[in-house]
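Sequence order for the protein chains is Z and P.
For the first sequence, the residue numbers in the working numbering are 44 to 343.
For the second sequence, the residue numbers in the working numbering are 3 to 207.
Simulated from the structure, these hints should not be mistaken for laboratory data.
Do not rely on the hints blindly, as some may be mistaken.
Taking CB as the label site, the calculated pair distances span [unchecked claim]:
1. Lys47/P / Glu170/Z: 32 to 38 angstroms
2. Phe200/Z / Val30/P: 19 to 25 angstroms
3. Ile40/P / Thr215/Z: 36 to 42 angstroms
4. Leu245/Z / Arg96/P: 28 to 34 angstroms
5. Leu245/Z / Asp46/P: 19 to 25 angstroms
6. Asp41/P / Ala144/Z: 37 to 43 angstroms
7. Ala144/Z / Val30/P: 54 to 60 angstroms
8. Pro79/Z / Val146/P: 26 to 32 angstroms
9. Asp157/P / Leu244/Z: 44 to 50 angstroms
10. Ala27/P / Ala111/Z: 22 to 28 angstroms
When the alpha-carbon atoms are kept at most 20 angstroms apart in a straight line, the in silico EDC-like pairs for lysine to aspartate or glutamate are as follows [to be verified]:
11. Lys193/P / Asp252/Z
12. Lys202/P / Asp177/Z
13. Lys139/P / Asp174/Z
14. Lys139/P / Asp177/Z
15. Lys198/P / Asp177/Z
16. Lys184/P / Asp257/Z
17. Lys202/P / Asp243/Z
18. Lys184/P / Asp252/Z
19. Lys135/P / Asp177/Z
20. Lys55/P / Asp243/Z
21. Lys175/Z / Asp149/P
22. Lys175/Z / Glu26/P
23. Lys135/P / Glu59/P
24. Lys198/P / Asp243/Z
25. Lys139/P / Asp243/Z
26. Lys139/P / Glu84/Z
27. Lys193/P / Asp253/Z
Just so you know, even glycine gets a beta-carbon here, dropped at the ideal spot from N, CA and C.
Given next are the chains, with one letter for each unit.
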Amino acid sequence: MLSCLSKMIAEGRRAGVWFACGVSLLLAACATGSNPRDPWEDANRKVLVFNQKVDAWVLKPVAQGYDAVAPTPVRIGVSNVFSNVEDVWIGINNLLQGKPAASANDFGRFAINLTLGIFGVFDVASEMGLDKHDEDFGQTLGVWGVKDGPFVMLPFFGPRTLRDSGALVVDTLANPLSYIPAIPVRNVSRGLKLISERADLLSAEKALDDAALDYYSYLRDFYLNRRKSQIRDGRRVRDEDEQSRAEQPTVIVFNAQDKDVELGRSRLLFVELERKVLAAGVLQQSELASDVPAPTTEAI
Amino acid sequence: MLKFLLRTVMLAALAIPAVHAADEAPDVTIKNLTSEVIDIVKTDKAIQAGDQKRIQEVIETKVLKHFDFNKMTGSAVGRNWNSATPDQKAQLAREFQTLLVRSYSNALTQYKNQTIDVKPLKSAAGETDVTVKTEIKQPGTKPVPIDYDLIKQADGWKIYDVYVAGVSLVANYRDSFGQEIKANGIDGLIKSLHDKNTAKLAEKK
């Protein structure tokens, strides 16, 4: 336990230093983009070019080779094993987000796939109706109301927000792969995970490239919208955008005082909405408890 | 107040002329559309050989009539849409349609062994604006939710937005379109869309 903890701290320090370096580099290259969500656009674009080169020269050819060599059942089995390992952390995040039922689902998935699914090779749990969830620490922070901050294109890792870049460190530390004692085994498994994930994307990228007027901004906007949707567990993004646009006049007053508010505008609206819903729920519960009939039923 | 609203909605629903195609439920429209396209993609030899022209032909004859591209383009352009002339609107809609058809047909050529699961529609009768939820399932990967927003028109249900994994494909263009218009005006956006489309066309040949 203790050695695990000290390893965690050491890993954290290393990752943290890298993270701090990356951010200060980006800040040093600070440029004014036209999108308020993306103040470091110039630097971000350069990082994307770098990432695309790394991908084109190394990752993609390897992934294509893997795709050609490994038969489909093998590829599915490999990606299932990694997916199963992640279910534990997904369950913890669901717990942290106050969703015990979803969390139980995730731990159940892990246990079933580990045993009946033979170390996670087969995703038996999905067939039993326990759906795979999509959670990470960045989403948990989002649910807690932490603002996502500016958009950042991280070298190697790709699109993130500032908040999610920090959360990435926690996600990495929480992944059991980080604690495989034999370093070669750890590195091979990390590499295989990366290649397996990249191979899953091979078919999607062409469509993305064709759809985008400007690949960078399409990727950025898709990432930002996707994160918003993920934090809401798939609930939709567009409606809220329209709502925030409609409410813009009242928010401008805020903007004059605090520039940060503008960045977190939709976030704030959402948090407020959640609070209202929560308050309404609490109200209804207390009403039920004291047997007071709900006054709105007659109108309906 | 609520009763008044209900009555208005009911009257509005009555005012819509009953056309046969409009009687089809929207989830049935989506189900028929996806299964028809997949059947063609699965069985057509030319498409399997990667014949882009043939795929676009299929899209143009089978798919396009189910979309309201004017509404889609207007939504993607955002508030600048109102300041565009009718001619600019028509050009924008045409270029946007070409762009979407091309990327959609590319996505179709990647089709392998996915299955599409259309969820039964949960909505009250008489609604004219609905969302049909579907899921693309592929062994070994997480299912991808794809939602279609449909609006009822005289000649049937028309798709006006598509959500992939919770993200509106139309809204996703809004920021980049807005920036292009801010920098180069509406004609600038038409030009850059046109350039992208012709560049892609040249690439294919």
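Evaluation of the provided hints:
Between lysine 47/P and glutamate 170/Z the beta carbons are some 34 angstroms apart, a value that agrees with the proposed interval 32 to 38 angstroms. At roughly 43 angstroms, the beta carbons of phenylalanine 200/Z and valine 30/P sit outside the given window of 19 to 25 angstroms. Between isoleucine 40/P and threonine 215/Z, the C-beta spacing of about 39 angstroms keeps the proposed range 36 to 42 angstroms intact. For the pair leucine 245/Z and arginine 96/P, the beta carbons lie near 32 angstroms from each other, so the given range of 28 to 34 angstroms is met.
Between leucine 245/Z and aspartate 46/P the beta carbons are some 23 angstroms apart, a value that agrees with the proposed interval 19 to 25 angstroms. Between aspartate 41/P and alanine 144/Z the CB atoms are about 39 angstroms apart, so this pair conforms to the stated range of 37 to 43 angstroms. In this structure the hint that alanine 144/Z and valine 30/P lie 54 to 60 angstroms apart at CB is violated, the actual value being about 33 angstroms. The given range of 26 to 32 angstroms is respected by proline 79/Z and valine 146/P, whose C-beta atoms sit roughly 30 angstroms from each other.
At roughly 39 angstroms, the beta-carbon separation of aspartate 157/P and leucine 244/Z lies outside the given 44 to 50 angstroms, and the hint is violated. For the pair alanine 27/P and alanine 111/Z, the beta carbons lie near 43 angstroms from each other, so the given range of 22 to 28 angstroms is not met. For the hint pairing lysine 193/P with aspartate 252/Z, the CA-to-CA distance comes to about 19 angstroms; that is within 20 angstroms, so the pair holds. Between lysine 202/P and aspartate 177/Z the alpha-carbon distance is near 35 angstroms, which puts this suggested pair outside the 20 angstroms criterion.
Note on lysine 139/P and aspartate 174/Z: the hinted pairing holds, with a Cα-Cα distance of about 12 angstroms set against a maximum of 20 angstroms. For the given pair, lysine 139/P sits about 16 angstroms from aspartate 177/Z by alpha-carbon distance, which is consistent with the 20 angstroms threshold. Restraint check for lysine 198/P and aspartate 177/Z: the C-alpha separation of about 34 angstroms exceeds 20 angstroms, so the hint is violated. Annotation: proposed proximity of lysine 184/P to aspartate 257/Z holds, straight-line Cα distance about 15 angstroms (limit 20 angstroms).
With a CA separation close to 25 angstroms, the supplied pair lysine 202/P and aspartate 243/Z exceeds the 20 angstroms bound. Of the pairs offered as hints, the one joining lysine 184/P and aspartate 252/Z is violated, with about 23 angstroms between alpha carbons and a cut-off of 20 angstroms exceeded. The suggested pairing of lysine 135/P with aspartate 177/Z holds, with an alpha-carbon distance near 18 angstroms, which does not exceed 20 angstroms. At most 20 angstroms may separate the alpha-carbon atoms for a hinted pair to count; lysine 55/P and aspartate 243/Z exceed this at roughly 27 angstroms.
Taken as a hint, the lysine 175/Z and aspartate 149/P pair is honoured in the structure, with Cα atoms around 19 angstroms apart against an allowance of 20 angstroms. Our distance criterion of 20 angstroms between C-alpha atoms is broken by lysine 175/Z and glutamate 26/P, whose separation comes to about 33 angstroms. Restraint check for lysine 135/P and glutamate 59/P: not satisfied, since their Cα atoms lie roughly 26 angstroms apart, outside the 20 angstroms limit. Simply put, lysine 198/P and aspartate 243/Z have alpha-carbon atoms about 27 angstroms apart, too far for the 20 angstroms limit, and the pair is violated.
A C-alpha spacing of about 13 angstroms is found between lysine 139/P and aspartate 243/Z, which places the hinted pair at or below 20 angstroms, so the restraint holds. Proximity of lysine 139/P to glutamate 84/Z is assessed by CA-CA distance (about 35 angstroms); at most 20 angstroms being required, the pair is judged violated. The hinted pair formed by lysine 193/P and aspartate 253/Z meets the criterion: a straight-line CA distance of about 17 angstroms does not exceed 20 angstroms.
Checked against the numbered hints above, the structure violates hints 2, 7, 9, 10, 12, 15, 17, 18, 20, 22, 23, 24, 26; every other hint is satisfied.
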